[in-house]
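Dock chain H against chain A, hints included.
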Amino acid sequence: MNVPVGILRNVQVLGIDAGGTMTDTFFVDQDGDFVVGKAQSTPQNEALGLIASSEDGLGSWGLSLADGLKHLQTGVYSGTAMLNRVVQRKGLKCGLIVNAGMEDFHRMGRAIQCYLGYAYEDRIHLNTHRYDPPLVPRNLTRGVAERTDMFGKVVIPLREETARAAARDLIAADVEGIVISLLHSYKNPAHERRVRDIVTEEIAKSGKAIPVFASADYYPVRKETHRTNTTILEGYAAEPSRQTLKKISDAFKEHGTKFDFRVMATHGGTISWKAKELARTIVSGPIGGVIGAKYLGEVLGYNNIACSDIGGTSFDVALITQGELTIKNDPDMARLVLSLPLVAMDSVGAGAGSFIRLDPYTKAIKLGPDSAGYRVGVCWKESGIETVTISDCHMVLGYLNPDNFLGGAVKLDRQRSVDAIKAQVADPLGLSVEDAAAGVIELLDSDLRDYLRSMISAKGYSPQSFVCFSYGGAGPVHTYGYTEGLGFEDVIVPAWAAGFSAFGCAAADFEYRYDKSLDINLAPDAPDDLSEKAAKTLQGAWDELTRNVLEEFKLNGYEADQVTLQPGYRMQYRGQLNDLEIESPLPSADTAEDWAKLVDAFNATYGRVYAASARSPELGYSVTGAIMRGSVPIQKPKIPKEPLEGETPPADAFLGTRKFYRKKRWVDAQLYRMESLRPGNRVAGPAIIESDATTFVVPDGFETFLDGHRLFHLKEV
Amino acid sequence: MNINVRATETQGATRGIVRGGETLKEHRDRLMEATRRTKHYAGLEKLELRDTQPIHYNKLFSRLRAGVVDARETAKKIAASPIVEQEGELCFTLYNAAGDSILTSTGIIIHVGTMGAAIKYMIENDWESNPGIHDKDLFCNNDCLIGNVHPCDIHTIVPIFWEGELIGWVGGVTHVIDTGSVGPGSMSTGQVQRFGDGYQITCRKVGANDTLFRDWLHESQRMVRTTRYWMLDERTRIAGCHMIRKLVEEVVAEEGIEAYWKFAYEAVEHGRQGLQNRIKAMTIPGTYRQVGFVDVPYAHEDVRVPSDFAKLDTIMHSPSEITIRGDGTWRLDFEGASRWGWHTYNAHQVSFTSGIWVMMTQTLIPSEMINDGAAYGTEFRLPKGTWMNPDDRRVAFSYAWHFLVSSWTALWRGLSRSYYGRGYLEEVNAGNANTSNWLQGGGFNQYDEIHAVNSFECAANGTGATAVHDGLSHAAAIWNPEGDMGDMEIWELAEPLVYLGRQIKANSGGAGKYRGGCGFESLRMVWNAKDWTMFFMGNGHMSSDWGLMGGYPAASGYRFAAHDTGLKELIASGAPIPFGGDTDPQNPVWDALMPDAKIKRDKQAITTEEMFKDYDLYLNYMRGGPGFGDPLDREPQSVVDDLNGGYLVERFAAQVYGVVAAKAADGAFTLDGPATEARRAEIRRERLAKSVPTREWMKSEREKILAKEAGDHVKQMFASSFKLGPKFFKDFQTFWDLPEDWKLLEEEIGVPHYGSHYHMDVSELPDVKTVQFVEQ
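Protein sequences appear in the order of chains A and H.
The numbering of the first sequence is the working numbering, which starts it at 104 and goes up by one.
The numbering of the second sequence is the working numbering, which starts it at 5 and goes up by one.
Note that these hints are calculated values from the structure, not bench results.
A hint or two may mislead.
Here are the computed lysine to any residue pairs in the SDA-like style, where the Cα-Cα straight-line distance is at most 20 Å [as the list claims (entries may be wrong)]:
id, chain 1, residue 1, chain 2, residue 2
1, A, K379, A, D612
2, H, K708, H, P743
3, H, K81, A, D612
4, H, K81, A, Y564
Bound conformation, chain A alone (with noise of 0.2 Å):
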């Protein structure tokens, strides 16, 4: 931005948020300053898209490709595809081969797969769940004879000739991947991996090449459906991307690039496209944002953050704690359940897109769960939308300038929304037509109020103690109403909201994570010899997990000892079925004291989630699972620091006055152009901050301050 002209930026971080219409790009330079790049999205090569958006972002800088790329040092790629690929059911033909008999287990699914994501209504409306087609068919999957029980104890010896016969099956078949899942193989991997050889042995002799997928090797952990839909993923979904992520990575070094692009992972950290668990970047985008945040916090000390997401279809909630990711370790997505580690984030299908209507038969006030999406509501008369959505409720409040929406891209017309209100909310309820609007908009803050409570109160915090960070293109609009009174420590919203995923991508860690079952039980009155064993145990399976990380590193050519390592573990009281993830306060383990200290960790954290009357320690404690998160360090975007100027706005960021509807009144909303804004400026409300794909709302009772990091502060007044 400062950079005089004819000395070329120094440009080195890009991160890409590839999503199903748009493609975004985040470039940062030396200096820490950054532009956005956007272009539509090209699903058939996705590197044309990204290329298209680069040159739109650098452009803007007055960069040509070349130029821009030449000296960038690492780029992080997220996007829709894979997941696009498992909703189509698009992946490869795959073969499966689980235990002799349990052959139908995978096509049965888990009965929760046929009501997964719906709202309320629909889980308990029988008649509307289905179940989704399997990812390998049932005439595709072969079982093996042999049984291994919870204990890791064989009960059966594997019949290889069984083995044998299902590979043979398979690669007759011309499957393009086959997925091997037997029960407890997390336990005692044995059999599986004697299957797996034997099926590497048979694709040998038959002189194709067909890649093969162990659960022992990927996911080793418990709940076979979990387990076994992960592994498939492997084989379905990541591959194909694998593909995808080598063309992006092959088109960037044709244009300069010298470095191998890192892919957003679940677990929140990035990973390389080579990396052997690629079906953890199944989801990336939204994750994006979340990393964005914990980035920020980091940089700026905030410890505990409520990361908040509007967007055209939902609400994504996210928290970071103690400087802490939540992980979920058995996920579900696109109605599978999933082994993966997943940052923790809770949608509610409500956005700005969202349908509202009256329930014909109790006149209840629904918000979504369908939206309108890209077509905006009725306010658009060309997107054929006749049911009021939320942005109909903001042409009638005046939150929109209808004619700068996507930086005036769409025309919307206020006088529709104002008659599909009064036709479809307004009459029915016995309001005005401004009343049902500011109604609806009411309602839906206060669920979304309530959704962030609730999250916040389940992990044991109350949000004072909490930073509440909103970005997103709807984001900004509602950041008042859905933090009003929750007495956050602070609200935030970044001036850059719209892109705050791609930010990110750009900001994340490179970090490999890997997980394995345990069953290490002991009593509450344990001897100190056998606390020992326990810790012992659990040292063994991060010793584990280190090669494993270290091995992940290798291939990008990090050797050991620049990997920062950080171990975890679960734990639960003793026949509990849901354990805790709790990162380790102890670098290893080794004695029974530190075993004692793993447990104080454990029980702290308890107490805090649930209640403390829940806590169990009568009962002993068993840890569940090890952890192992290996990162090192890489280049990331520089926070801005500029210096603060007067608190009065420049006069060319006023761009007028709108009407705005709050409260039961009209008052005259101050309008200001967000790019115009200086640090230092303190803007008191009614007043609207606009920009070409954000809209920042400031109502009365409320103001809002730019720091010298280009972060917008609201406060209650």
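Here is chain H on its own, set in the frame of chain A:
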């Protein structure tokens, strides 16, 4: 307004604990009187808060509902029992001061009614003065004589106070794995009276100041086999109740007690109106009649009961009549139901009616506004003395579901005929599966501890077909729409039984133009168990669902168990052993693999504790759902797909569907179109050839009735229905044109009928006031 507080009238010495100063009893009486008088809940002919401040009302609703749902999700993670944690067999509900539910989480929502009944029992029996109801008290209940479904559903109930006055209640329930009944498992068989049915607790105060009493902890924890599950389940319930209590306190602090108070009553009336509007929108006024049956095969030697008088085969009977009126009100009458019996399949009026409500929420009122309003919007008549409204305090209830699920499937058919008439084809459901088998048992497990098992795989049965597509396979149970079968690796943690198979059960779904969803089967080998027993629980001789509009019922049950299998040696020698499913039980393949085994393969699908040891086998077969429409109308290719998918045993394609398929070298079936057309034409001709005019058929049936030509179990069933349902008897007589003096009495059949003359209700005990919820 009948919900206004009467602060001025209730000053002084008699001040009660309810907000405003009424006693609980005064409060409930006032509300019930107004409800009767106005036909609107609590006399709320207008919904003041909802009508004047709809946004505020909606906010209250959505915040409370989200909080209650969230409490369930969070609290269930405390539990150790896979029933609670994997299957979601828990539920939390918020009540107003009178014990009427305002809103609920998902889960086993039948308990919205049963916990409400417990609160009302405390109100009617003046718990307020003794033992007293104070802020931070904890109550526990699982008494079937005041409304609980069966003893294994344990309620924790916590009053909610605001500024020293009671403003409501929160209840939490979990289905525990063992309640210390005669046999291990939560729904054991064999006991025939309450006294062997398990530990029962009557609205007992078990804690104060948010702390459980030590005498309660010591007593309760030794009354059940699976103490660890019991303890953690109790902590789950308490944690959830306390989360919801805190939520209510926060809401009241922010929104004001006036708004909350109005909401707590208006929501119930709102729910009642919601049901009425849905009935108007979805159904056609009129009278709908249907019936359900299930077998109680107790004469068999593998059913060990303590009492001679219980040792006989009987059939449970449940005719029903739904009357829908033009204004959307309705009445359900069960005239003609058979008497309660000496088994564990009886039900209390509350569990019977609440369960029907659960079914309605899955089809008629799947809205967020589900609460006691629906109960106030439904008139029930359950004749006293029937199996769903017993008149004796000795009755046992531990597997009430055996007939509840079979009886209600009839209602689903009745409603579906109405939906069909209105054109809501997607909502049609041919009925629900009999949710069994229940694998239960106990002994010492793989951890060398006293243990009981209770597999909940049958939370994923086949569902009934709709009028536009097949039922879902292995998907749901009527008592919890969020069905799931759980992961095998988790069940193996909880049970000393390894899986040798989990397979879709071919032919288990009823045939039809749209077939019922299929169930599945799990083959389990006993492993690492000591002093072990197991038993079977499900329908066997009878199909307990029916099918709709020509659709077939689902297959009924059977049992397969094998002892002294020699599997240890077979495994060691590498010989073939049973794996997968018992695909075609008429042509079994496993039995020959174990030549020396003692195999039990028959229709005796209810048994009591049988000894098992390592390497014995047990087949857990989950039932399918019924079909819709004539199988001859099924798309032929769909039948071929069913063959290839393992949903249909080969010979039934031609026999039932008239579809001829050729088998290719790779085993795949392909359709033979012309042969299919010919076969279908032939079946239609055969049908015509076999048919007789209805009147003629009735004539021959009438002769049989006059000669009393029927099995003793059929005669006993009708005799008990005739005795308790004079109108049913009259209708029967008229329909079959029987002589005036024709009668059928239990006395003449020659089977024991203890309880038919001498019975004594719990209401006859001193100081007990039962709460009447239905007409009887």
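Hints and how they fare:
1. About 18 Å separates the Cα atoms of K379/A and D612/A, which keeps this hinted pair within 20 Å; it holds.
2. Taking the CA atoms of K708/H and P743/H, the gap is near 14 Å; set against the 20 Å cutoff, the hint holds.
3. At roughly 31 Å between alpha-carbon atoms, K81/H and D612/A are farther apart than 20 Å, so this suggested pair is violated.
4. A hinted pair counts as satisfied when its Cα atoms are at most 20 Å apart, and K81/H with Y564/A qualifies at roughly 18 Å.
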